[in-house]
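K.L.:
The lines below spell out each chain.
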Amino acid sequence: DSGVTQTPKHLITATGQRVTLRCSPRSGDLSVYWYQQSLDQGLQFLIQYYNGEERAKGNILERFSAQQFPDLHSELNLSSLELGDSALYFCASSVGMDRHNEQFFGPGTRLTVL
Amino acid sequence: GQNIDQPTEMTATEGAIVQINCTYQTSGFNGLFWYQQHAGEAPTFLSYNVLDGLEEKGRFSSFLSRSKGYSYLLLKELQMKDSASYLCAVRVGVSGGYNKLIFGAGTRLAVHP
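So the protein sequences, as listed, match chains A and V. Take the first sequence: its letters are residues 3 to 116, numbered as in the numbering used here. Take the second sequence: its letters are residues 5 to 117, numbered as in the numbering used here.
FYI, nobody ran anything at the bench for these hints, they're computed from the structure. Source: prediction; values computed, not measured. Among the hints, erroneous ones may be present.
Output of the computed footprint for chain V on chain A, the stretches with three or more beta carbons under 8 Å from beta carbons of chain V [said to hold, decoys possible]:
no. : segment
1   : 43 to 50
2   : 106 to 115
Quick list of simulated restraints, FRET-style, between CB atoms [unchecked claim]:
no. : chain 1 : residue 1 : chain 2 : residue 2 : range
3   : V       : 57        : A       : 65        : 39 to 49 Å
4   : A       : 75        : V       : 70        : 34 to 44 Å
5   : A       : 79        : V       : 102       : 14 to 24 Å
6   : A       : 86        : V       : 13        : 40 to 50 Å
7   : A       : 54        : V       : 99        : 17 to 27 Å
8   : A       : 75        : V       : 97        : 32 to 42 Å
9   : V       : 98        : A       : 29        : 19 to 29 Å
10  : A       : 81        : V       : 61        : 24 to 34 Å
Result set (SDA-like, lysine to any residue): computed pairs, CA atoms no more than 25 Å apart in a straight line [what the hints assert, rightly or not]:
no. : chain 1 : residue 1 : chain 2 : residue 2
11  : A       : 59        : V       : 98
12  : A       : 11        : A       : 75
13  : V       : 61        : V       : 84
14  : V       : 85        : V       : 29
15  : A       : 59        : V       : 102
16  : V       : 85        : V       : 102
17  : A       : 59        : V       : 45
18  : V       : 61        : A       : 4
19  : A       : 59        : A       : 114
20  : V       : 72        : A       : 114
Here a beta-carbon is modelled for each residue, glycine too, at the ideal position from N, C-alpha and C.
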């Protein structure tokens with residue numbers, strides 16, 4: 003158990019819908035990262051927040067957005083869902099931003115878009 | 005661009021040694037990580053290299069050559085539970101002095117009795 007929690011564990015929805023994925027980092031971690039893992043694409047970095055502020059952006063679609071709240075939990079919002087958005091979405095957290103900061107991954111949310 | 009290459013699949017025998025290679029071409033380099041991921045589960049941290057050389061951690065060792073853009077993960081005394089995907093990830097800098105991880109597609113290792 004990494005100490006990072008994600009809810010829900012599974013989510014099944016239809017095309018065109020909007021969903022929100024939630025992540026609580028390990029106690030004391032200020033950085034939160036979101037990743038998407040599809041069967042054919044490996045682990046893709048989406049976005050990073052540090053202490054409430056967006057710090058780095060990867061291949062995140064405009065239909066996706068995220069935020070980190072004052073209590074440091076984070077939410078990833080996916081809208082106008084398409085079949086291709088079906089994937090495992092992981093949240094990870096780390097203590098800070100630099101040096102040897104390994105990222106601890108949550109168990110993931112499996113999103114299925116029908 | 006950013007490119008990280010690993011073999012897609014490898015097989016090995018229980019008790020043996022296996023080496024998983026990773027080559028990278030990235031704009032910037034602030035360290036290389038290896039993660040283990042069992043199917044459907046979260047990646048878990050295995051090792052980190054930022055300087056050239058070998059880092060040993062029990063049955064697992066990782067090597068880095070920055071001039072060659074090359075790393076390998078060495079697994080000794082293989083056990084059935086080592087059957088998993090092994091992800092190579094390079095940390096690169098982004099604007100503002102921050103970093104992000106770029107992952108390779110992973111190497112699926114199957115350990116046979």
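K.L.:
Given the hint of 24 to 34 Å, is the C-beta distance from residue 81 of chain A to residue 61 of chain V inside that range or not?
P.N.:
violated, 42 Å
K.L.:
Compare the distance between the alpha carbons of residue 72 of chain V and residue 114 of chain A with 25 Å, and conclude whether the hinted pair is satisfied.
P.N.:
violated, 40 Å
K.L.:
Between residue 61 of chain V and residue 84 of chain V, is the straight-line Cα distance small enough, at 25 Å or below?
P.N.:
Within the cut-off at roughly 19 Å; holds.
K.L.:
Do the Cβ positions of residue 54 of chain A and residue 99 of chain V conform to the proposed distance bound of 17 to 27 Å?
P.N.:
holds, 18 Å
K.L.:
Verify the coverage statement for the segment 43 to 50 of chain A against chain V, using a C-beta to C-beta distance below 8 Å and requiring 3 or more qualifying residues.
P.N.:
Answer holds; 6 residues pass the 8 Å Cβ test.
K.L.:
Holds or violated: residue 85 of chain V with residue 102 of chain V, Cα cutoff 25 Å?
P.N.:
Violated, at about 35 Å.
K.L.:
Is 34 to 44 Å respected by the C-beta to C-beta distance linking residue 75 of chain A and residue 70 of chain V?
P.N.:
This hint holds: roughly 37 Å between Cβ atoms.
K.L.:
Honestly, do residue 75 of chain A and residue 97 of chain V meet the 32 to 42 Å range at C-beta?
P.N.:
The hint (32 to 42 Å, Cβ to Cβ) is violated, given that residue 75 of chain A and residue 97 of chain V are roughly 27 Å apart.
K.L.:
Taking only the CA atoms, is the gap from residue 59 of chain A to residue 114 of chain A under or equal to 25 Å?
P.N.:
At roughly 24 Å apart (the allowed maximum being 25 Å), residue 114 of chain A and residue 59 of chain A satisfy the hint.
K.L.:
Holds or violated: are the alpha carbons of residue 59 of chain A and residue 102 of chain V at most 25 Å from each other?
P.N.:
holds, 11 Å
K.L.:
Using the Cβ atoms, figure out if residue 57 of chain V sits within 39 to 49 Å of residue 65 of chain A.
P.N.:
holds, 44 Å
K.L.:
Do residue 86 of chain A and residue 13 of chain V keep their Cβ atoms within the hinted range of 40 to 50 Å?
P.N.:
Given a distance of about 24 Å, which is not inside 40 to 50 Å, the answer is violated.
The structure fails hints 6, 8, 10, 14, 16, 20 (numbered hints given earlier, in ascending order).
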